[in-house]
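Number of protein chains: 4
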Amino acid sequence: MLKLGIIGAGRIGQVHATSITNNVKNASVHMIADPFMNEDKIKWINELGIENITTDYKEILENKDIDAVLICSSTDTHSSISIEAARANKHIFCEKPIDHDLAKIQMVLEEVEKAGIKYQVGFNRRFDNNFKAIKDAVTEGKIGTPHIIKVTSRDPEAPGIDYVKVSGGMFLDMTIHDFDMVRYLSESEVEEVYALGGVLVNPEIGEAGDIDTAIITLKLKNGALGVIDNSREAAYGYDQRAEVFGSLGSVAISNDSGSKAVISTKDGIVSEKPLYFFLERYMQSFGEEVNQFVEAIVNDKNVPVNANDGLQPVLIGLAAKKSLEEKRPVKISEIF
Amino acid sequence: MLKLGIIGAGRIGQVHATSITNNVKNASVHMIADPFMNEDKIKWINELGIENITTDYKEILENKDIDAVLICSSTDTHSSISIEAARANKHIFCEKPIDHDLAKIQMVLEEVEKAGIKYQVGFNRRFDNNFKAIKDAVTEGKIGTPHIIKVTSRDPEAPGIDYVKVSGGMFLDMTIHDFDMVRYLSESEVEEVYALGGVLVNPEIGEAGDIDTAIITLKLKNGALGVIDNSREAAYGYDQRAEVFGSLGSVAISNDSGSKAVISTKDGIVSEKPLYFFLERYMQSFGEEVNQFVEAIVNDKNVPVNANDGLQPVLIGLAAKKSLEEKRPVKISEIF
Amino acid sequence: MLKLGIIGAGRIGQVHATSITNNVKNASVHMIADPFMNEDKIKWINELGIENITTDYKEILENKDIDAVLICSSTDTHSSISIEAARANKHIFCEKPIDHDLAKIQMVLEEVEKAGIKYQVGFNRRFDNNFKAIKDAVTEGKIGTPHIIKVTSRDPEAPGIDYVKVSGGMFLDMTIHDFDMVRYLSESEVEEVYALGGVLVNPEIGEAGDIDTAIITLKLKNGALGVIDNSREAAYGYDQRAEVFGSLGSVAISNDSGSKAVISTKDGIVSEKPLYFFLERYMQSFGEEVNQFVEAIVNDKNVPVNANDGLQPVLIGLAAKKSLEEKRPVKISEIF
Amino acid sequence: MLKLGIIGAGRIGQVHATSITNNVKNASVHMIADPFMNEDKIKWINELGIENITTDYKEILENKDIDAVLICSSTDTHSSISIEAARANKHIFCEKPIDHDLAKIQMVLEEVEKAGIKYQVGFNRRFDNNFKAIKDAVTEGKIGTPHIIKVTSRDPEAPGIDYVKVSGGMFLDMTIHDFDMVRYLSESEVEEVYALGGVLVNPEIGEAGDIDTAIITLKLKNGALGVIDNSREAAYGYDQRAEVFGSLGSVAISNDSGSKAVISTKDGIVSEKPLYFFLERYMQSFGEEVNQFVEAIVNDKNVPVNANDGLQPVLIGLAAKKSLEEKRPVKISEIF
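Same order as they appear, the protein sequences are chains A, B, C and D. With the working numbering applied, the first sequence corresponds to residues 1 to 336, in that order. With the working numbering applied, the second sequence corresponds to residues 1 to 336, in that order. With the working numbering applied, the third sequence corresponds to residues 1 to 336, in that order. With the working numbering applied, the fourth sequence corresponds to residues 1 to 336, in that order.
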């Protein structure tokens, strides 16, 4: 039974604590840390039966009983806590992104290697049953050699402007998942990026220096072509689809909804909207990614999403940003 | 080039005249007869380029140039005109039903045999591409031995009470198509019928002695089970579905609509309603059934829906009526 | 925190123990009893962290700490344990069916009333998100007054002959869920039943005195019509669909599958098969029904599926059996 | 009754001749011209009942009875025959593209204006019921302001190398329809194009200087973003889909197939492939575009696809070509 420490008791920390307690085998949450610990947080931590609570994550790093940590703190602390945890010889599951700063990511990679620990990055969508079904079809050769990888990724509502300002921009905040998905599905690195963006949802997002709508095309090293379309706001809810088209056919997924009910009346044939947002849509995947992280530690196997998998989408995101600014295709080699 | 005469220039006569002119090979409409010929009718007949118009169908029967007739007159004249046409040695395509009176149908069958002509009954749904796809899957053995045959058949709006009164009852007017479909898909005769009915759409239909909603179960001679559900009024339009379930799986069809467009908004995911009614839904089938009739004449082959195929659904309909009245399963052998 | 005792550590007992531990709020499993306790069972019980294990369910009944019991033992013990548990003043969640013998069910009902305890029967499908979505649409009036209730219920593979012999027959073993569903969706009692059955899957089932394929029509007290089609073996997996058709339209559900992936190749457009069987398809519902049982106890509310809801489907099942034997529609009032 | 002349009796000429004869109102084919007239062609022309046949299209232009011509000859003759026909004062329906040479298109536009005739270009997909349903949803404001326009367009099999060599390249031969579709659905002109292409289907296509796979992004003047993905060879058939995503939601179409039959077996749930190619998929649209051309003449209205609509997609195609060559986004203003 692996003992885990969770650093950060915000939304994603709560998601992991809950799914580890209920659905992850061979592991339990031994301690949880949050600098802003409050009654609400303590309440759900107690309900989950987690016994040790602290406001100082260093207590987790110093605790000899704890085998691994989940870094669920704010993005700007991911890299420094990763480095500390690696030095404390804990296995690490780090929420995405590792950092927006390449030098810091690079330092994390070095420390991880030095420490010889497992380091997994939280690209949870790979563990979603739908995306996994696409990947399986590709891996099993059902659609032949991939030619085109398409990802549609639209949020149900734009974030507040305060968040937009600190988000690192849509490409690093939102599209980063889609960049990872293209790498995952294509089994190839990206060579070049061209980004077309617009401010079509909310002009304040533009004033804050960001965009809310984009089409990004990706030239992959294996010759395949990738394309992502993003919007910060789809009126009908969270739109998460993908397709891989290849020499023998295509595999595609549609959205999951709360039920398969279809209501037919004089107004039309009406199905349910997609599940509202990532907490509804991807809950199963949050459990599964930690399950595989635990399994990798227990059986000393490779983690399914490693530190380099954390680095690459940041590179692609920075290339996309540069492409948007300079209105031209940008090679990853220009970034790193 | 076969020369055809159409008897009856009402709605179904016009459908046949149009589709023969535009879509049926090796045949043309040489003459059209209607006792209530009027300006409107003459207008569309002229537009189709049909040259000979008469108010007396006997002119068609006496015309030596005409090879075959389509009987599209009112139901109560089907059997008598069939007999006259057979005696005039014309091949006959007769709209369903041949008659509600078994003795009269019997007489038609005898005259047809005596004359040695082709006699096809207008169960057009067999020629619909969707129902045909079910049949093909069954015939090709894709679903193994059929166990259950299900037909859903619901009209978009109940007919007027005046029509209900002369319709022969829902089973002979509407369900008759579904009885034919069960025979066609199962490739078996029906042994026994149990009908459960209700007046749920319009109480006036009940006052007129009919029902508007029904579930009919059918015991087939080959051991399979059939079930039909009917309503005179589906708020969302014409609902025409079927499924054959067998030892290796099932084949089912959903409804056709005007387009494949799906609109997603905050109110849900909305597809188009089914095509409104039989003229929209089955237009292609009306051409195809006559095509095959013409082909059977030209190549002296069996017609795809013969006189016995016209008789059997009437028997089933009469058994269903008796079942409803006597609240018990009724064998076809009790009827005929 | 309610303390629960589980009587029976077989498949369904394990399902409940697992989902209570992981997904049911305000309750925990305090003790589990099984006369055939073995190492395998002890292993998963320990893994769930359940502390008290016994081979004698009476220990559970006598334990003052335990508030409520789940009866997951073999069907023939349901009624007697129910009576004992009621006398021991425990709230009861009893797996379906209470019994096949009406007198015994009646006795349970009396003891439950006398004891004033909560008694819930395990018709879990009511708690499935898909069937619930149909029910919600009906309750919210979206499809108007229900006219036709259709249930398709097909198992992925026929049970062994040994099981068939003690199952009470397909109607009481399998269709009983569908009878409950028709009552639930129609919000009406059943007045009359007509059953058509066949042995089309496996002749040994016939030799054992049972059927494996059936169509059952139901006349409901509120005037609506119900129809169920059953097969013990659908080659493509567990087929669990339903439709309610009413004056304003219809609501229907299709099957759930493991993913929404669609693979398009030269061989066709292929979606996944339905989830294999009830453990896969209905896992969420097993948690939800116990959640609502616990909530009913905690807040002293009515249970969502009461003892009468346990009785009625047995009556319908017995009427269906009699209908099949006597080849005629049978009224519920003939049974009870 | 308008009298039409058809110039070119190849595949598309035959399509038009057939649908005009059968499905276009108020017009008939008076004469048909083809320099390579042969027995096969004469046979189907006779079967359609078209009376005048010639090898010299000038006979059509000189015939005073003929009101309008359909130019269905080889692409390299479209512009010159257009000019001759305009000077002969015939209304013109010209198959796409008018020409690949902008100067020639410009000359056509001038002659058309001078002559004051109707000039329609054969972008038939606008008249397909599915694409029209998207357009209607956009026009009716159902999805709000368009943000993203997506077109998937994949052929079922790559053309022969001989054809590829004279095709003008994939963008002008195949994607041109998609360029038109983006303009039609967005109701905006294109400002800038970025094309990413590959040779993934057949290396010989690359050797011939063309590509077979592409993603093209389009910056539209109204601020919306467009994206097209193309392949010369989809193993599952002709893939013709589109989506418009806007401020209030999205509208999308899936492919049409031969039937709605779904076969469920142990191997999966299998639907039919899309209709094979454009003749199957778009037959209805070929009739409808000519219907509207005839109507525009008869009622002196604007044609639905005018000469400028013929010019613009060529400009976009040339920009896409330049983008591919120069590996950068290219503005339409750089082309024309």
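One should not assume that every hint holds.
The list treats identical chains as interchangeable, and a pair is accepted whether it falls inside one copy or across any two copies.
Under the rule of at most 27 Å between Cα atoms (straight-line distance), these lysine-lysine pairs were calculated in the BS3-like manner [what the hints assert, rightly or not]:
1. 135 to 165
2. 331 to 135
3. 260 to 135
4. 322 to 266
It should be emphasised that the hints constitute simulated quantities derived from the structure, not laboratory data. On a predicted model such as this, the values are computed, not experimentally measured, just so you know.
Evaluated hints:
1. 135 to 165: neither (34 Å within a copy, 37 Å between copies)
2. 331 to 135: Within one copy only: 26 Å inside a chain, 37 Å across chains, cut-off 27 Å.
3. 260 to 135: Classified as both; 24 Å inside a copy, 13 Å across copies.
4. 322 to 266: So residue 322 and residue 266 fail the 27 Å test inside a copy (50 Å) and across (35 Å) alike.
The structure does not agree with the numbered hints 1, 4 stated previously, though it agrees with the rest.
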